[in-house]
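S.K.: Residue numbers (my numbering), protein chains in the order written: chain V, 1 to 118; chain D, 1 to 113.
Please note that a few of the clues may not be correct.
DEER-style ranges, computed between Cβ atoms [what the hints assert, rightly or not]:
{"#": "1", "chain 1": "V", "residue 1": "K69", "chain 2": "D", "residue 2": "N62", "range": "22 to 32 Å"}
{"#": "2", "chain 1": "V", "residue 1": "P40", "chain 2": "D", "residue 2": "E101", "range": "14 to 24 Å"}
{"#": "3", "chain 1": "D", "residue 1": "K40", "chain 2": "V", "residue 2": "S84", "range": "21 to 31 Å"}
{"#": "4", "chain 1": "D", "residue 1": "D70", "chain 2": "V", "residue 2": "P79", "range": "42 to 52 Å"}
{"#": "5", "chain 1": "D", "residue 1": "W96", "chain 2": "V", "residue 2": "Y29", "range": "15 to 25 Å"}
Here are the simulated lysine-lysine pairs, DSBU-like style, with alpha carbons at most 35 Å apart [said to hold, decoys possible]:
{"#": "6", "chain 1": "V", "residue 1": "K69", "chain 2": "D", "residue 2": "K36"}
{"#": "7", "chain 1": "D", "residue 1": "K44", "chain 2": "V", "residue 2": "K68"}
{"#": "8", "chain 1": "V", "residue 1": "K58", "chain 2": "V", "residue 2": "K68"}
Since the hints were derived computationally from the structure, they do not count as laboratory data.
Small disclaimer: the values here were computed from a predicted structure and weren't measured.
Here a beta-carbon is modelled for each residue, glycine too, at the ideal position from N, C-alpha and C.
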Amino acid sequence: AQSVTQLDSHVSVSEGTPVLLRCNYSSSYSPSLFWYVQHPNKGLQLLLKYTSAATLVKGINGFEAEFKKSETSFHLTKPSAHMSDAAEYFCVVTPRVAGGTSYGKLTFGQGTILTVHP
Amino acid sequence: DTAVSQTPKYLVTQMGNDKSIKCEQNLGHDTMYWYKQDSKKFLKIMFSYNNKELIINETVPNRFSPKSPDKAHLNLHINSLELGDSAVYFCASSQWVDSYEQYFGPGTRLTVT
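Model the full structure from these sequences, guided by the hints.
M.R.: This is how it looks when you write it as structure tokens:
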């Protein structure tokens with residue numbers, strides 16, 4: 001079984017300041033981890049993914065995340081927030097089950113709403 | 001061009017009615033999914049089809065019946081709608097059954113009154 005906990009339901013930052021969205025996971029198997037972003041009234045867009053290669057993963061729009069197995073964390077960061085980053089962010093885990101397939105069974109966190117102030 | 005499209009975008013209906021939501025992807029993907037996002041924004045997978053074959057069927061009431069006429073389409077039919085069915089339903093697709101990257105549609109907001 002796997003689960004995801006996003007530690008903050010809301011994060012508010014000023015434009016130009018760093019962003020940190022926290023995510024902890026648990027998984028019975030080696031996990032693959034993702035961050036998705038959902039802008040208001042839009043579908044979800046993949047920001048970045050970790051699938052067992054480099055532990056520091058770079059994504060779109062300047063976001064990156066670091067997989068830390070010892071801390072079971074996959075926090076999302078960005079050095080400088082932009083107004084267009086305001087959205088809801090979802091941390092997602094899927095097990096890399098022995099045999100190579102997890103049948104795409106993603107488990108989503110509860111979401112973190114990011115607000116960016118001018 | 002919209003990669004994953006859903007119709008309708010909004011659906012308001014009364015309890016007891018039967019309704020369908022349609023999903024189409026033009027990405028040439030083999031696998032498609034339905035997710036439900038509840039009022040607390042929690043997203044949970046409902047079904048997954050790979051090349052028209054059902055491969056994931058989570059604990060969903062049998063009032064919900066997915067149908068995949070071909071691998072580019074995955075429709076969701078809901079019988080005897082209940083208040084608790086009110087949610088946003090997202091369709092998604094991925095290239096293969098074990099591709100981790102899923103592409104999501106814009107969602108269908110279903111309101112049952």
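S.K.: Sort out whether K68(V) lies within 35 Å of K58(V), counting only the CA atoms.
M.R.: Status holds; Cα separation ~15 Å.
S.K.: Would the hint linking K44(D) and K68(V) be met if the CA-CA limit is 35 Å?
M.R.: holds (25 Å)
S.K.: Quick one, are K69(V) and K36(D) close enough, alpha carbons at most 35 Å?
M.R.: Roughly 30 Å separates the two Cα atoms, so the pair holds.
S.K.: Just tell me: holds or violated, for the beta carbon distance of D70(D) and P79(V) against 42 to 52 Å?
M.R.: holds (45 Å)
S.K.: Verify the CB-CB distance for K40(D) and S84(V) against the hinted window 21 to 31 Å.
M.R.: Check passed, 25 Å falls within 21 to 31 Å.
S.K.: Given the hint of 14 to 24 Å, is the C-beta distance from P40(V) to E101(D) inside that range or not?
M.R.: For E101(D) against P40(V), whose Cβ atoms are near 23 Å apart, the range 14 to 24 Å holds.
S.K.: Determine whether the Cβ-Cβ distance between W96(D) and Y29(V) falls within the hinted range of 15 to 25 Å.
M.R.: With Cβ atoms ~19 Å apart, the hint holds.
S.K.: Kindly confirm whether 22 to 32 Å is satisfied by the beta carbon distance between K69(V) and N62(D).
M.R.: violated (40 Å)
In this structure, the one hint that does not hold is number 1.
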